[in-house]
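Using the sequences and the hints, build the whole thing.
From first to last, the protein sequence lines are chains A and X.
Residues 37 to 502, numbered by the working numbering, are exactly what the first sequence covers, in order.
Residues 8 to 406, numbered by the working numbering, are exactly what the second sequence covers, in order.
If you are wondering where the hints come from, they were derived from the structure by calculation, not from laboratory data.
Ideal Cβ positions, reconstructed from N, Cα and C, are used throughout, including at glycine.
Incorrect hints may have been included.
[Unchecked claim] In the BS3-like style, the derived pairs of lysine-lysine whose C-alpha atoms are separated by at most 25 Å in a straight line are:
{"id": "1", "chain 1": "A", "residue 1": "Lys290", "chain 2": "X", "residue 2": "Lys88"}
{"id": "2", "chain 1": "A", "residue 1": "Lys42", "chain 2": "X", "residue 2": "Lys88"}
{"id": "3", "chain 1": "A", "residue 1": "Lys151", "chain 2": "X", "residue 2": "Lys356"}
{"id": "4", "chain 1": "X", "residue 1": "Lys22", "chain 2": "A", "residue 2": "Lys42"}
{"id": "5", "chain 1": "X", "residue 1": "Lys167", "chain 2": "A", "residue 2": "Lys429"}
{"id": "6", "chain 1": "X", "residue 1": "Lys88", "chain 2": "A", "residue 2": "Lys151"}
{"id": "7", "chain 1": "X", "residue 1": "Lys22", "chain 2": "A", "residue 2": "Lys72"}
[Said to hold, decoys possible] Computed footprint of chain A on chain X, listed as stretches where at least three residues anywhere in the stretch have a Cβ under 8 Å from a Cβ of chain A:
{"id": "8", "region": "42–50"}
{"id": "9", "region": "53–66"}
{"id": "10", "region": "86–92"}
{"id": "11", "region": "373–380"}
The chain contents come next:
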Amino acid sequence: MQGLVKDLTALLGHSQVLSHPEEMLAYANDATHYFKSRVPDVVVFPHTTEDVSKIMKYSFEQVIPVTPRGAGSGLAGGCTPVHGGIVMDLKRMNKIIEIEQNNMTTIVEAGVVLKPFQDMLEKRRLFYPPDPQSASVCTIGGNIATRAGGPRGVKYGTTGNYVTGLEVVLPDGTVINPGGKFVKQSVGYDLTRLMTGSEGTLGVITRANLRLLPFPEANRTIVVVTDTLEQAAEIVSEITGRGAVPAMVEFLTKMAIAVMNSYFSPPLPADGEGYLLMYFDGTESQVEYEARVVTEICNDLKAKEIRLVDDKEAANNYWTARANVYPLIQTIFQRATTEDITVPRNKLPELVRTVQSIAAEEGIMIGLAGHAGDGNMHPSVLFTQITPEILEKADIAVDRLIRAGLDMGGTISGEHGIGIHKAKYLEWELGLVQIELMKGIKKVFDPKGIMNPGKIWMEEGGDVHV
Amino acid sequence: MSMYKLEEYESIIEKCSHCSYCQSTCPSYLSQMSESHVAKNRLLLIKETVMHDRMPYSKKAQELLDTCLLCTNCTQTCSSKVPIVDIIIAARIKTQEKSGGIKQTVMSKMLAQRGLTGVLTKAGSLAQKMGIATKEVPPLAAKSFDKMYSGTYTPSGEVKKRVAYFVGCGTNFFFPDTGEATVKVLNHNGMEVVIPPGQVCCGIPTLSEGDLEGTRSMLETNMKILADLDVDAIITDCTSCGMMFKEKAAKCLPEGDPLQEKIAAVAGKMWEVTEYLQTEGLAETPGQLDIQWSYHVPCHRGWSPTVKDAPRKLLAQIPNARLNEFGNPEQCCGGAGTYYMEHREEAEKIRDMRLQDINQTESDAILTQCPVCRFYIGFKVKDREVTHPIKILARSYGL
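Structure below.
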């Protein structure tokens with residue numbers, strides 16, 4: 037390993053290579069530390085595409101695994117270096133190369149952090165909608181690699197809908213530029229979209245062309261409390277059916293509200309079962325109209341409380357609390373693992389019922405929060421203690437949940453990706469033929485298998501658990 | 008939690024969800040751009056080395072723990088509510104106990120003997136010999152504040168409140184002008200100010216170094232002076248002294264210790280001067296002052312919900328004073344107590360990032376309640392005033 041560090045230092049210089057074990061603990065996993073983790077042998081920090089190319093060329097020749105990494109805030113173990121080798125931290129490549137307002141496009145480096153980027157755009161009245169809840173730290177490169185999304189998926193889609201072109205360094209160091217700064221293209225296979233969501237298994241994304249929207253002039257936050265979870269789910273289905281298009285519809289339960297309530301003034305009533313946090317944006321008249329439709333629906337379906345939040349700061353508090361639900365939950369539980377099931381939106385009430393009955397039958401706690409507007413729910417197994425029995429029950433419950441989601445015509449992941457966490461379920465959704473096609477594609481891009489090995493599909497004897 | 012015993016944090020440290028949200032506000036991480044320098048890695052490192060001995064506490068480990076500024080930004084950002092700063096302090100105390108560091112002794116002597124002439128100069132030269140000083144040492148005031156002000160200062164009119172003034176080292180030795188403005192503005196607003204003699208350093212610098220003994224002895228001195236005073240409030244002009252008394256002091260002693268009662272009494276009455284004036288309301292209307300100012304919010308703001316907005320609201324009452332907010336008002340400047348002396352390169356990198364905002368503003372003045380920020384930013388910002396907000400209020404009164 038001394039040779040590896042020496043070689044990389046010669047290629048990049050001391051300031052771009054880390055190898056002390058004390059420095060690398062944080063690089064052993066992403067936000068799923070309860071799954072398999074491993075410290076890398078070395079961490080490198082490219083500053084330019086040329087640096088990335090040099091590293092890849094070297095790794096290709098030496099056949100060393102390379103795991104690209106953004107913020108490490110992922111929820112599928114996608115950047116866990118399960119085979120050791122090199123972790124490539126792309127956060128120092130964080131330049132915004134250009135913003136073309138008259139073409140509504142931008143070019144950014146992979147390490148640009150989402151939230152500051154969006155804030156900067158807002159000042160120019162521009163809008164880049166994808167909104168994973170880790171926006172304060174997650175990188176555009178990581179978002180693209182995992183096809184990440186968030187609450188705004190319901191109206192605006194996810195990262196994949198905004199990438200029009202990429203700069204990618206292939207495993208042998210070659211640089212390619214699929215797509216471009218145009219909003220449509222019909223030229224052969226769409227390699228831009230193939231790379232988007234490839235989880236670092238085909239190459240390293242170093243730059244991206246992104247499509248922008250005008251910043252919506254008006255918005256409105258509405259909070260709804262219901263007596264049952266099903267009632268909340270039915271409200272969501274009804275809103276979709278009546279043609280109102282909220283920008284965000286978040287589904288939360290009593291337990292989530294209990295940890296979020298300190299952010300709200302006044303606090304939300306604690307005796308509800310279901311809670312919907314909704315956001316409408318667009319023109320003034322559009323927002324007014326949609327808020328009226330939603331209020332009618334909520335009244336018709338006998339919601340317990342409807343709160344229209346006019347104050348901007350108060351509205352922000354609701355959304356900040358929502359972004360922090362996952363770490364907040366950790367304050368009361370030993371562990372919380374998060375699933376990413378997405379079902380057709382009219383199946384939402386059924387999914388909610390299924391989650392409740394599986395939790396009851398298996399005798400474990402499953403929290404339920406998610407982006408109900410687009411059918412993407414994040415059931416979380418909540419552990420008050422960690423014992424082999426509870427872990428086994430949790431595994432059975434998650435298997436049943438995933439199966440149930442698929443039976444409803446859903447998918448195992450709406451926005452987190454597969455990584456190591458969901459590799460076990462890949463075959464359930466895709467079947468062997470699709471997986472073999474994917475493996476074939478992988479082989480063409482990465483004949484030596486050095487790009488983020490051990491991800492997406494199960495390796496022989498592979499196990500997610502520690 | 009008491010006594011900063013690392014063992015007591017064993018279960019709470021597991022609450023770190025590895026979400027990495029701490030990357031967004033940690034100045035150490037943002038200047039180094041390496042996850043080795045963020046709270047998550049520092050917690051993992053403490054677990055592996057100091058807490059469980061699974062890895063040796065190497066030079067590298069020490070370096071990574073020492074380069075934390077204890078700015079508290081991670082702790083304020085952490086939704087899992089892991090008391091990261093307290094855990095790092097506890098780890099420093101544990102490692103200091105093992106090694107018996109010499110730096111701590113010098114520091115606590117220097118700060119505990121406020122009255123001795125020249126002690127700082129002596130300590131300064133000693134510190135320089137030990138390699139813990141930088142060229143950027145703040146110039147000592149010709150006359151320290153405690154040489155000029157001591158005893159009771161009564162307003163000319165009706166006495167509405169009676170307050171004690173705890174004078175931090177920054178004001179006492181380097182910026183007595185802040186102290187002068189504090190006394191005058193409080194008096195002007197009908198508040199009697201008691202400055203009890205014998206005060207010493209609040210203890211935050213020694214606690215940050217992991218010197219629990221030194222910190223305790225200073226606490227004892229200060230608490231005995233402050234706790235039994237017949238006053239409505241105890242005022243500080245320094246956000247770090249405020250944090251020390253309000254949040255950290257009680258954790259330095261065992262739960263049943265007799266001093267705890269005094270600490271609780273002091274903590275209950277502790278206010279930063281602008282927040283006290285804003286909460287009580289100004290009795291006298293400020294006069295017009297043509298000034299544009301920006302607010303550098305001190306990192307040690309988490310101990311009170313009102314401390315960070317107080318200067319904004321207070322100075323908004325001055326006709327013609329205009330606040331130009333920084334893009335990021337809460338960005339650390341890198342000074343961090345004595346950090347800039349011991350980690351010069353890191354601190355300068357952090358300051359350079361802070362200066363980007365400062366150099367872009369059209370403001371005439373950069374205001375902050377922290378004397379170290381005032382000095383450390385002021386060393387680089389020569390074309391405009393860097394000072395405490397209370398001084399602007401004093402000026403608006405013509406005091």
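Hint check results:
Taking the CA atoms of lysine 290/A and lysine 88/X, the gap is about 20 Å. The hint holds against a cut of 25 Å. About 40 Å separates the Cα atoms of lysine 42/A and lysine 88/X, which puts this hinted pair outside 25 Å; it is violated. For a cut-off of 25 Å, the pair hint linking lysine 151/A to lysine 356/X stands: about 23 Å separates their Cα positions. Restraint check: the Cα-Cα separation between lysine 22/X and lysine 42/A comes to about 37 Å, which exceeds 25 Å; the hinted pair is violated.
For the suggested pair lysine 167/X and lysine 429/A, the alpha carbons sit about 66 Å apart, so the restraint of at most 25 Å is broken. For a cut-off of 25 Å, the pair hint linking lysine 88/X to lysine 151/A stands: about 22 Å separates their Cα positions. Among the hinted pairs, lysine 22/X with lysine 72/A is consistent with the structure: their alpha-carbon atoms are about 18 Å apart, no more than 25 Å. Interface restraint, the region 42–50 of chain X with chain A: holds (5 residues with C-beta to C-beta distance below 8 Å; minimum three).
A stretch counts as covered by a chain when three or more of its residues have a beta carbon under 8 Å from one of that chain; for the region 53–66 of chain X and chain A the count is 4, and the coverage holds. For the region 86–92 of chain X, the stated coverage by chain A is satisfied: 3 residues place a CB nearer than 8 Å to a CB of that chain, which reaches the threshold of 3. Beta-carbon proximity to chain A at under 8 Å applies to 0 residues in the region 373–380 of chain X; the threshold of 3 is not reached and the given coverage is violated.
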